[in-house]
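Participant: As a plain string of letters, each chain reads:
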Amino acid sequence: MNALSEPPSSAETAWRILPQGDRCLIISFGDKIDASVGRTCLAAARKLRAAQLPGVTDVVPSFVAVAVHYRPDGLGNGPTCRSLTASIDALLAEGIAADALAGRQIDIPVCYGGQHGPDLSEVARAAGTTEDEIVALHSEPRCMVFMLGFAPGHAYLGVHDPKLNIPRRPSPRTAVPVGSVAVANRQTVIYPNRLPGGWNIIGATPLTLFDPAREPASLLQPGDSVRFVPISAQEFDHLREARP
Amino acid sequence: MSVTVIKPGMLSSFQDRGRDGYQHEGIPAAGAMDERAHRLANALAGNSGDPATLEMTLLGPTLRFDAPACFALTGADLGATLNGQDIPLHRPLVARAGDTLAFGARPAVGVRGYLAVHGGFALPAVMGSEATYLRSGFGGFQGRALAKGDRIALRAPLDGHGLDALQAALWDIRAYLPGTLGGQRRGAIRFLPGMHWEEFSAAARQAFTDAEFRVSPQSDRMGYRLTGPALSMSQPRQMLSEAASFGTVQVPAGGEAIILMADRQTTGGYPKIAQIATVDLPALAQSAPGQALRFQLIGLDDAQRLDAGREHAFMQLQEALAPLRALLAPATRKPQ
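Sequence lines, in order, name chains A and B.
If you read the first sequence in the working numbering, its first letter stands for residue 1, the second for the next number, and so on.
If you read the second sequence in the working numbering, its first letter stands for residue 1001, the second for the next number, and so on.
Which bits of chain B does chain A cover? Going by a derived footprint, with three or more residues having C-beta under 8 Å, they are:
| no. | stretch |
| --- | --- |
| 1 | 1014–1027 |
| 2 | 1189–1202 |
| 3 | 1234–1242 |
| 4 | 1245–1256 |
| 5 | 1295–1304 |
In case anyone wonders, no lab produced these hints; they're calculated from the structure.
Here a beta-carbon is modelled for each residue, glycine too, at the ideal position from N, C-alpha and C.
Only chain A is shown next, with the shape it has when bound in the complex (with noise of 0.2 Å):
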């Protein structure tokens, strides 16, 4: 048995788990968004994944939640509803150890304001504080990979200080450009191509966020412990000529 003295484990965690339709089920863990809850999350998804459970395609932690994707097999032997569900239970039940969670430390450069970060002052005056603060509010403390999606490699990041409490944008850009670095609701996403957004963009990142020829493609993964490092606007000129 795992040592129940390590929070989040099975005596703490409870879950409920729900189909979403006929090949992919819901495991919930909480219903607002929450460093512990995340790490359950983290923690449970790399358990099933791990497990290898016959017919499962897909394992997907969100913020509160880990959806298990699977497939019928023509021999009538492959997962349905009702053993998958029996089978993750009987796997949460051993325990849910969020200390065995191995995320990576990894540094993410980010060019704060300025041209790479045209809402930075808008944030401020939202926040009531400086734009100052709000880069030292934003890169002092680590933060957590919750999930990726939306985009191929785009990474939800949290929770920040509650000053970073601010909703998105009133109406959706079109287009931001690739490695903007923006906030939300205590939450960061890193843009990974150029897409249509609504966050807050304080900045950016030269780095590349996804690479389908690179394994692996995302250069972020699900539970990575991430520091946001304050670079130059030259810095990030150079970083970026270096790029492959």
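Guided by the hints, dock chain B onto chain A, whose structure is given.
Facilitator: Below, chain B alone, put in the same frame as chain A:
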């Protein structure tokens, strides 16, 4: 050793059963819109695995075989001809070097046709799949739809001897095609309650079950937008992004439903009223813009029984087609 694109058609891209195992990196599964027709094409071309087939939309391409090959066509009837002669769907056929495969008609029923060649097209696997993800430009042939002048190599062209005898022998192959593998139209598309079904108003739930919807012209491989009665929640609330799947019916604040299709995003933050039963996704994927749709509630056990039943039918079909694969194996050049 290849197929040359004379005309690309409206939207022709290589698709397999989709890119499994990368959705946690935000990478969409993509894959065939009508997976049933894609798999049937492969089976009838003597493929037991899952090489990509060419998914052709409404107006098919014109292709020249530069090497002899066995091929099969399924899905919507796009009016296929080989050197100007009509050719049938659902048959293993032989093309000779220099033959031109063309498609002359918009389909009366359906939207997408599938072309499989024996041995598959020589496409590189990207993250374990040959499916094209058009939006990000990777997978399939150079990450894009076919263009004029493209040459796509064949993994296993025929060796060119005894093609007449092979053609005659292929013609004698008979395999029973059960209804679940055919492209029959359905009166209603069956669905399961979505994750937020109970949170939608009684009127919205009734409308989704009883009313007629239409496929909007703003529909593509990523999603089918529906026009029809607006669907609203009893108490609208913000949702946290969570995983979506093929056939998830989500409803943005405007009340217009969107059914997520093959190129769907991996996650979504809109309320989910319904989930289309997998067994009816092919019929949905063959629905054309403007077409009327009705939805019918089905139980989870029934949906899973029908889904597993189709898998079983595919397995039986592959067993029945063992003689086809036995005919083709000695007639095929060794893959490079």
